[in-house]
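Starting from the given sequences, assemble the full structure and let the hints guide the process.
Here the protein sequences come in this chain order: G and Y. The opening residue of the first sequence carries number 233 in my numbering; numbering runs sequentially from there. The opening residue of the second sequence carries number 192 in my numbering; numbering runs sequentially from there.
Read the hints as simulated data drawn from the structure, not as lab findings. We treat Cβ as the ideally placed atom computed from N, Cα and C, and that holds for glycine. Don't take every hint at face value.
Stated by the list, open to error - Derived coverage of chain G by chain Y (criterion: at least 3 residues anywhere in the stretch with Cβ under 8 Å from a Cβ of chain Y; other residues may be distant):
(1) 236-249
(2) 254-267
(3) 381-392
(4) 402-411
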Amino acid sequence: MTPNPILKVLSTFKKHKVKCLLIGGQACIIYGAAEFSRDSDFVILCNNENLQQFKKALNVLKARLIYVPALEVSYLERGHACHFRCKEKFVENLRIDVISKLRGCEPFEKLWVRRNRVALKKDGIVIDVIGLRDLVQSKKTQRDKDWLMLKRLVEDDIVLNKAHPSDERVRWWLLESRNPDSLIMLAGKYLKIAKECLGDRPLLSSAINSNTQKLNLELHEEEIRERQKDIEYWAPLRKELEALRHNSQEE
Amino acid sequence: MKRQKFIPKRVLGFVDEDMEWMSLTPSQRIKETTKLWQLYLALGGSLDPEPDPQSPFYFQEA
Numbered sequence: 233m234t235p236n237p238i239l240k241v242l243s244t245f246k247k248h249k250v251k252c253l254l255i256g257g258q259a260c261i262i263y264g265a266a267e268f269s270r271d272s273d274f275v276i277l278c279n280n281e282n283l284q285q286f287k288k289a290l291n292v293l294k295a296r297l298i299y300v301p302a303l304e305v306s307y308l309e310r311g312h313a314c315h316f317r318c319k320e321k322f323v324e325n326l327r328i329d330v331i332s333k334l335r336g337c338e339p340f341e342k343l344w345v346r347r348n349r350v351a352l353k354k355d356g357i358v359i360d361v362i363g364l365r366d367l368v369q370s371k372k373t374q375r376d377k378d379w380l381m382l383k384r385l386v387e388d389d390i391v392l393n394k395a396h397p398s399d400e401r402v403r404w405w406l407l408e409s410r411n412p413d414s415l416i417m418l419a420g421k422y423l424k425i426a427k428e429c430l431g432d433r434p435l436l437s438s439a440i441n442s443n444t445q446k447l448n449l450e451l452h453e454e455e456i457r458e459r460q461k462d463i464e465y466w467a468p469l470r471k472e473l474e475a476l477r478h479n480s481q482e483e
Numbered sequence: 192m193k194r195q196k197f198i199p200k201r202v203l204g205f206v207d208e209d210m211e212w213m214s215l216t217p218s219q220r221i222k223e224t225t226k227l228w229q230l231y232l233a234l235g236g237s238l239d240p241e242p243d244p245q246s247p248f249y250f251q252e253a
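Written as structure tokens, this is what we have:
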């Protein structure tokens with residue numbers, strides 16, 4: 233039987249004690265927002281010891297660096313991602329992307345504490361996956377597909393837990409849901425909490441007033457602002473990458 | 192991770208397949224996605240990621 237290539241990567245990382253968390257499309261599968269993805273993205277603890285273990289795992293997967301920057305603490309600490317392509321059997325051509333900082337998210341150590349663990353008894357693997365709330369935060373990027381996924385992640389959590397949610401969970405839904413119908417429903421059902429959240433998310437005023445049209449517009453504007461923040465965050469990093477790429481071509 | 196509760200009712204905005212998928216536990220979802228991988232690879236699917244020009248990670252490989 234052909235193994236799941238993502239599980240092969242995960243088991244190799246585990247074997248080499250690489251401290252990292254599964255993020256991106258594979259994490260979305262675990263939380264029920266997607267069914268299939270070829271992404272293999274990780275947020276990794278950035279220190280020399282862990283990167284050494286990571287390099288050993290990459291060797292086993294016959295993975296080579298396919299773009300700048302090099303796998304170095306200094307680049308990862310500045311927010312760059314490193315990209316690899318595997319050549320080992322069962323993972324041939326699979327790309328692995330690693331990063332150590334996610335824009336808008338807490339540092340790795342906090343993400344690690346808040347992670348979820350999924351045990352696959354048959355495969356003998358325990359998967360360390362980024363927590364749902366951190367995953368949602370990490371999806372506030374400049375990419376269309378991330379916003380679709382973000383919306384679905386929160387909606388799934390509402391559907392799965394709407395019977396007896398804690399106040400704290402309702403607060404999170406009110407602050408993160410991107411579905412006007414859900415926001416209006418939540419604001420109606422949990423008015424007191426919705427009012428408490430107004431300072432952090434003023435558009436909840438439209439949800440409280442059941443003004444769908446205005447709420448839709450405000451959700452769109454909120455998304456545009458977040459996308460712009462992401463573009464601004466990446467601008468200097470992209471510039472640096474361009475210079476690195478230029479230098480590597482000259483060498 | 193805790194086992195998700197089974198969701199018997201269809202919810203507005205979700206099709207039955209979505210509800211079915213959501214009702215699985217995380218480990219069951221991985222098992223199911225493994226089956227999709229097997230089918231995908233049997234049909235000759237590549238492990239290359241889809242090009243995503245919107246991504247700040249996007250680049251043309253040499």
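Verification of the hints:
1. 236-249: Holds, because 4 residues of the segment 236-249 of chain G bring their Cβ atoms closer than 8 Å to Cβ atoms of chain Y.
2. 254-267: Satisfied; 5 residues make the cut.
3. 381-392: Our answer is that it holds, as 4 residues pass the Cβ test (under 8 Å) against chain Y, meeting three.
4. 402-411: Result for this restraint: violated, n = 1.
The structure does not agree with numbered hint 4 stated previously, though it agrees with all others.
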